[in-house]
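For chain A, the structure is supplied; the task is to place chain B on it using the hints.
Going down the list, the protein sequences come from chains A and B.
Here the first sequence is numbered in our numbering, starting from 1 and rising by one per residue.
Here the second sequence is numbered in our numbering, starting from 1 and rising by one per residue.
FYI, nobody ran anything at the bench for these hints, they're computed from the structure.
Think of the CB as a built atom: it goes at the ideal place given N, C-alpha and C, for glycine as much as any other residue.
There is no bait here: all hints are sound.
Some chain B residues near chain A, calculated using beta-carbon distances under 7 Å:
#	residue
1	Leu33
2	Thr160
3	Thr196
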Amino acid sequence: MRSLRVAVAAALVVLALVLQVAVFPHVAWEGIVPNFCLLVVVAAALVRGPAFAATLGFFAGLMLDLAPPADHVAGRWALALVVVGFVAGLMRQDTRTPATTVVATVAVSSFVGTSVYALTGLVLGDAVGSTGDVFRVILVALLWDVLLTPLVLPGVMRLLARLEPASAR
Amino acid sequence: MPKTIRLPGLLRGYRPLRPGPDTFDQRADRSRLRSRMIALVLACLTLMTLDHRPGPGSPIEPARDAMGSIFGPVESATSSVVRPVTAIGDWFTSRRAMQHDIAALQSENSRLKAEQATSQYQRNQLAEFQGLTAAADTLGQALVPAHVVAYGPAQSFSRTVTIDAGSDAGVRPDETVLNDDGLVGRVLRVTPTTATVLLIVDTESVVGGRVGSSMEVGFLRGRGGLGDHGTLDLQLVDQSAAPAKGDPIVTWGSQGGAPYVSGVPIGRVRAVYASLRESTQRAVIQPYVDFGALDLVGVVVPSGTRSDRGVIEADGSLR
Chain A
1 MRSLRVAVAA ALVVLALVLQ VAVFPHVAWE GIVPNFCLLV VVAAALVRGP AFAATLGFFA
61 GLMLDLAPPA DHVAGRWALA LVVVGFVAGL MRQDTRTPAT TVVATVAVSS FVGTSVYALT
121 GLVLGDAVGS TGDVFRVILV ALLWDVLLTP LVLPGVMRLL ARLEPASAR
Chain B
1 MPKTIRLPGL LRGYRPLRPG PDTFDQRADR SRLRSRMIAL VLACLTLMTL DHRPGPGSPI
61 EPARDAMGSI FGPVESATSS VVRPVTAIGD WFTSRRAMQH DIAALQSENS RLKAEQATSQ
121 YQRNQLAEFQ GLTAAADTLG QALVPAHVVA YGPAQSFSRT VTIDAGSDAG VRPDETVLND
181 DGLVGRVLRV TPTTATVLLI VDTESVVGGR VGSSMEVGFL RGRGGLGDHG TLDLQLVDQS
241 AAPAKGDPIV TWGSQGGAPY VSGVPIGRVR AVYASLREST QRAVIQPYVD FGALDLVGVV
301 VPSGTRSDRG VIEADGSLR
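So here's chain A without its partners, still in its complex pose:
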């Protein structure tokens, strides 16, 4: 069961990454695409809590950092998604998560994730762009993520909940 969980989580992250870099750029607004990897991490956080989500966030971020066409310092998205997994995991509830909580968690996570990524860029001297651009990117990315939430989160959360260990039911 554990290996199945890991396999499903890995498959979700790979699918998210491919959607993000190869499919959605065709409908991107100024190059900004929905952050599917972040959505998967948030879904995992709401279903399984901070420890699992932070670990998943690390590996999802690592893929974003290393898979082409990434060309920034490796570890930046990893750190951003570890933070997202932890923060979103704190919102986990054991009853059914209300839709408003899910949307709010995605909005906060998207803001935190992109901001942490931008901040590490500033600290490491990686290219970031002007402050105005950074805020525009953060806001548009947030809108994208919230917009995609009703389409992505329910399915992913149901799938992950199904794979939850029986002891937790």
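This is chain B only, laid out in the frame that chain A set:
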């Protein structure tokens, strides 16, 4: 139902009602979460330290190559599935036909370049401009055609794309990438089947440029523009020279044609700003290439390069 303990500080928002796989209502669980978080954050920091200067010298580079070899084909496959939907016009066009397309586009490009050179601004520079084009031809440049299969998200604040031609197709790092409109960027790294291209609009991209009308040289820096048409900043070496609005900019070219071959059109001057204090001129360049809609591109390779696909030679023939 286990007893619920109020957690201090950061964990306060978390109120477990039933035991889940990650409930931290017990001290041991909380310390386990803490140590896992510390381990993950340390792992991220270690990665950043190791990869502080991304590039050929970085210890993370083998991991990047490995991920490129795995994800490159996945991206190519996905893109080839998506492309018919995004480009209905190309639906029935086979790859062979696309190679003819690029040849046709190239010849159209040279015709347009000639037209451009005869416009009012550059009529007196016609000879030089044609000379540049001819010089590019005599360098013996051949083009490997490739499709853009993946875009780096703008959230990453860098403008890079993946193309579906790699070392098997004869592509090497530091080769010029262009399309029928003009200069696209340069190859950063290659895997057997894909290559990562740094677009000229990226803030870390610097291209040597030449003003077509005055032959002045300067450096073009990307501004990381988000729009379909990001802009470039041009700073001329001769600071007293001022480019005129509408002047075309072509690449200056580097020794041995790496990373940029000379004479590739980049864009035209959209606005010129003079800084009195620094007594320099800064021109904003509008690139010819629409970076939001990149599809078919060509990688400049030395003539006679062995490739797994048809190579367009300098004279427009397919090999």
